[in-house]
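Asks: Residue strings, one per chain:
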Amino acid sequence: MRNTLLFSIALGMAVTAEASSVSFTKATNLNAATAYLNGRIVQNTVQGTVTDQNGPVAGVTVSVIGVPGATTTDANGSFKINAALGSTLRFSSIGYISQDVKVSSNTINVTLVSEDNTLDEVVVVGYGSQKRSNITGAVTTVDVSKTLENRPVVDAGRALQGVVAGLNITTPSGDLGGDPTIRLRGVSGSLQSSGGASPLILVDGVEVPSLSLVGPNDIESMSVIKDASAAIYGSRAAYGVILIKTKSGKRNTKTSISYDNNFGFQTPTTSPEIASGADGAKLALAAFKRFNPSATGFENLGIRYDDYAVEKMAEWQNLYGGQDLGTEMVAGRDYEVKDGFLYFHRTWDAEDMFMKNWTPQQTHNVSVNGGSDKVNFNVGLGYMNQKGILKVNPDDYSRYNLNIGVNAEITNWLTGYAKALYSTSNSSKPFTYNSAVYDPWFYLYRWPANYPYGTIDGIGMRNAINDVEQASMNTNKFNFGRFTFGGTAKIVEGLTVDADYTYSNNARRQHQVGGKVYGWDFWNKKEFTQGYYSDANYDYTQFINSYEDRHVANMFATWVKNYGNHNVKVMAGANAELVQNESQTVKRMNLLDYDYGQIGLANGATTGASSAGHWSTLGFFGRVNYDYQDKYLVEILGRYDGSSRFRSDNRWGFFPAASVGYVITKEDYMDWSKDFLSFMKIRGSWGSVGNQNVPSSLFLSTFNSAASDWLVGNEILSTLTTPSILSPFLTWETITTKEVGVDAAFFNNKFNVTFNRYVRTVSDMISAGVTLPSSFGSTSPMRNFGEMQTSGWELELAYNHQFENGLSMRLSGQLSDFKEKITKFSGLANVATDGTSTNYEGKTIGEIWGYETERFFTYDDFNEVNGKYILKDGIPSQKYYESNTFTYGPGDVKFKDLNGDGVISVGDGTVENPGDRRVIGNTSPRYNYGFRADFAYKAFDLGIFLQGVGERSIWAGGDLAIPSWRYSDAYYSHQLDYWTPENQDAFYPAPAFQNQSNASFNFLPQTKYLLDMSYLRLKNVTFGYTLPQAALDKIKFQRARIFFSGENLFEVDNLKVPIDPETDYTENGRNDKNSFGRSYPYRRTLSFGLQLTF
Amino acid sequence: MKNLKYLAFAALISFSSCSKDFLSDGFLEKDPLDQLSDPAFWSSENNVRTYTYGFYNSYFKGYGKNNTWGNYFSGQGLNDDFAPLKPVEFTINVPTSGGGWSGTPSNLPTSASTPFGRIRKANHFIASVPLANMSEEAKNHWSGVGRFFRALEYSNFVNTFGDVPYIDKVLAETDPELYRKRDSRTFVMDKVLEDFQFAAANVRATDGTAKLAVNKYVVLAYMSRVFLFEGTWLKYHDIDQARAKTYLEAAKWAAEEVIKSGNFNVSGDYRAVFSSLDLSSNAEVILFKRYEAGLLTHALMSNNNLEPQSGISKDAMENYLASDGLPIAISTTYQGDKGIENVIANRDGRMYGTVVPELRLQGVTSNYSSSGYSTLKFLNEQFKNDQMGTSYVNTTDAPIIRYGEVLVNYAEACVELGTLTQDDLDKSINKLRARVGVNLPKLEVVGGQPAVNGKVYDDPNRDQSVSSLIWEIRRERRSELIFEGFRLNDLRRWKKLEYADTDKKPSINLGAFVDRTKWSADQLKTITLTPEGYIIPSIVGRTVLDKHYLEPIPLDQIALYKANGSELTQNPGW
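Protein chains in written order, with my numbering: chain A, 1 to 1094; chain B, 1 to 574.
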């Protein structure tokens, strides 16, 4: 009830505050101009039409330079103004470059060129819009046409990479269809934030779960609100907002149909190369013998590796290397059983057998839009398809996007609109007969080059390729539908009320059909057996369905009023959201026929699970904007927010924000600078917002159901987890952002600079509870304690220039940096041997601890006693890391004794005493940047886009990053430069089995082998040609353009491991270091396409 | 204009009132839809029962799941039964955290990962049982089950660390008991004894599916195991001889209760206990873990078959008696250790259920054994080449606790108490010797000495610090329970960890005799042999120190206690 009242009052206030007497002094410019000119000698009426690339433009201000008053173009773009011959007319409109035309006749037709970063641009902000020059917060608008159109990217998220300062977009692998990770100003945001510092994504005012649900071509504008002014959206906008407005057509424009397409071809950027059979086996033997010196060889899966194997593999390479022998394996030549051992001699290029070099991709978009004087509409339909890189059973991703909008004037005071957004995507990939992290990519890069990928009697051997060939396709369908109804009522002049309601539904349907794989099983066998070799555990069909319903209602009133030099805008409203979700899984074992993955067509055990959830938020918000002469700008806003995620006694929070701006160039005393400084605004803002992006389980003590691993009959008994222990006092985290910024434009707005400096503080951080001894028996309950600060800056630059010869040029770039630091925390500050540290006060998020690599040990460092190497006195011992089979010797890594205590150690394992370790890197990206250069000359246009990360490192695990991770798995070509007595100048140390650890022996976290993930990438180059008007007229087209576009064309990096610099642990691989880098390849794309408007 | 304004007002107010329900405080009341809450959950016996399955995985791991297995076979390689290529080592450094003491406890039943996490779970369960709506008998039964699990946890905890803080309630964040100092192991084990006694008196004799749920006999069988351990530990580490006697009597009593029940019998086939697809009707099994294709599978059987093995040590092979019931050193039927066919000729029949009757040599075969001697105890011969016999999709059931162990526990408790009679032997060890296929003569006790067919004997290879009779009981235990995860604990409680030291007992790093004429030099070049021709599996050794009897306490907890004005003492030698 209380809230109902508040809601009514909030809106009521907005209504009643409306001033009773408003007089409008709408100058009739035509008259003014005429009046002024009456006294003059020459009178002349000039008329004409103003158009842009899409047709006539209404509302363009036309003025005579040096004469007061102006007129505007009507719905047909026509104008009429009095102007003397020889005087100059200025045509200006928001979103266009102003144009000055000398009056030489009575008819002047002007084509305006749209301008993407003018100060008059209208920027969409929370529940409204604002002129860029009046904005006091940190808002970046995205150049939609350059960023999204023409590029062979599959979704808007990927296209945004490197575009907006402070926005970090990453993808952990090149996998088809997945959503990129989007983070704003930081990575983790707060310690408990699920999803890290991810901004709220609003499309036409309502949250969408993924940016791929909006067709890139349906986007009309996009702005990113980065600072506290996002507080108007309340608790879910703690990390900013990406605001997207979809196209809706324009009133009074002729209906036009556009079609554009893009055909692309993709090829992997970098992929690991497995060392040849002999080279790999030699290295494997060396690593194995290190802990087993008496051994002559080893078997892996029953395949023998010894000197004979190396010799035969080398021999095979000499005799047959480079020849096309077909896939059929010949006994004796390709394999043999000798002295009871199984040998495979032949070297295979699994990657080549598995992956295509080039794969196609295509997009098509059709849109129809237009409008009469009362109605405007837009229909956009997009299709995208990407073929995967597998040779057989290729994976596939396709998506349709539909966007329909109609906006109609119902009465002269009421406008109504309806919008529908629909997206359906379908991805299919072959079933994996292993757990998700061990996908075909993992296995493709797992085994040495002699692992058999051939056939015997036409039947495949047991391997990843054979698996993929026989796999059914898993399908993953995603449907998203959304319907919005809303309207704007003009109650009186200056007062509008907007209300809308949106229902959206998304459904994900996954279907997995397993089975068994047939082939030659040779694992641990001397005589191969033909049959089904895959695990029976994968003989199943499984359906996973999940749904989400979302209801969103918004209502707000906006009141605008000018008192002379005082401009006031007041907005107040309410927002309510309700989300319900559920999911069900059902799985049945033992398929009757692997082509029919239905529950009824299987006869094994059936298992199922389900989950359901719901949450809601309610918020009341208000904002006041005031400016004096567009010079002094003030904005104050607040939101009173309630969330179901919190317990009822501290469910509500009030979050205010305020910002001020000072347009210094409006001051008379700045006149001296007018020649070069066109505009300068200094901004400052402060605001706080509650963060509800926390796990829901933090507030309720519950049991979760779980499987007990105890079977009775054919049922794994269910049981429950120990109930969690919770603090009764837990409440919101508060995120406070303080910011100062400068917007400046130089040389007649040709050169624009924006700089922001911010500090974002998460206080009352939900963090680990009081440190309790382990006798507590549970994780200590979370509490609001601690503080984390993200501090950073952003710089955006743009320069426009039009050369005399008609060449136009635009250079723009952005650079940003941030650092996340825990500024208050209670907890043990421990450093683990793998380089990670616990949370502690003063910690920089992402820090990697490790040793400084000094050099390799040499023979001189040791005394040789009975064939054992004993370290000479005075040389720091690394005994702490030795085992009974590994002792450091010549060729091993020697670490630097940083604390000078004569031994290499971990100290007491704390930050205060980390032994000889120090912070050697950080996994958070620093210095994200992007740079664009666009050129247009006559009918040609060229766009170049570079993107990069200045600093980032990873201490990775797995075979690819750590040689001899598993001695019996593959070695890669780049790992062949290892220390031997003959090659003491090698990159890698003497081979030694690492025991699947990146924190032992030679590969303790250290400077030398730390992966430097910084890069500079030529993200996109687009070259286009637009048909000249004369040609268009002939074929009755309004516009026709052909373009070539390339994505990820080349990169510069410092990596010594053949992985793409954007690689990271994938979602599935996050908890399994094995998987690093062995994932779906990133790709370069070459494409061409057409854009037609009828 | 004015009309419009009123209209808008009216619209707003009507919208607000219509939405009253929608937007009221109730709108933000969203309780979880798929989780149950405490304490409402404790409503019925069925819920109480469901909750107890969360304990099963912590204590009844069986053959594990997928690629892991519990303490069976190589799950516990640190002892003198195995002669690996590289000996498993004792803890080297005091850990900064974890080490089996601290760590982040998980609430998941399948990975309740710290002792204190499981203690908390048990204490919470014991405190919650009275809330359920059920009979007094049922409440006592389930309290007994809860106390049984708590007792198991504490006995494991004491086993690993010695003295530990004893906590028998659910601790709040501010409870001073959080920094409770370590209680002496006798204090803790007295409490454990109370829990076991309560459980033995109150847990139902039958409950749930037969052999798949905790009942009185499961409790008693575990009780005999736990107190045999603790009794002998106190005795041989000379901590408290009076308590040692009490505990050994408890172990004996518990074992005897199981024997007296008559519910169990020795299985007709030794190996069937470890390699059957279905143990539900095996008379020897007291509790087992069931495996089924596609639902729950393990890899122990394929590991036993296809992978290279850490082989049985020569020492363990020589533990088995000859078929005349005498140790090999004095047996007339023993054929010597040259050649596997000789080694296994005329021996304790359990050897045939344990050892592969052929040598598997490194450099000759891919599923070789480090000692040449391989194990087949967990292999089902009938299905070993099936899909089920490969990878981690094995479905043989795992015995959790079996009658055979109870019998050897009984015999050992008796002999350690000094009360072992012929009757005791006849109802325990001699049942095992009478097992089909074992074919050993009865063990007799004559004047406190072991005897066969009325003839007293003494193994010349006996550890002279161990009495002849105890030596034979221990031998029987080793033969019966080999590779079931007992040996290390046995050595520790007898204070005989030196048996696992390769310097003090080189025979544990010896394997089979290899006839050099049978294989080419090339084949044998991987193997290190003694001059006489016995395999030396490992070129590196293992040294046992006194401190290895107990694990070290992690540094973080010691520091935390200190910072909070309490003290957590480190174990000796660390």
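None of these hints come from the bench; they were simulated from the model.
Some hints here could point you the wrong way.
[Stated by the list, open to error] Here are the simulated distance ranges between beta carbons:
1) S294/A x G437/B: 36 to 42 Å
2) S701/A x T421/B: 33 to 39 Å
3) S294/A x I92/B: 20 to 26 Å
4) A612/A x I92/B: 46 to 52 Å
All figures in this text were calculated on a predicted structure; none of them were measured in a lab.
Ideal placement from N, C-alpha and C gives every residue a C-beta, glycine not left out.
Asks: Checking against the hints above, which ones are violated?
Replies: Violated: hint 2 alone.
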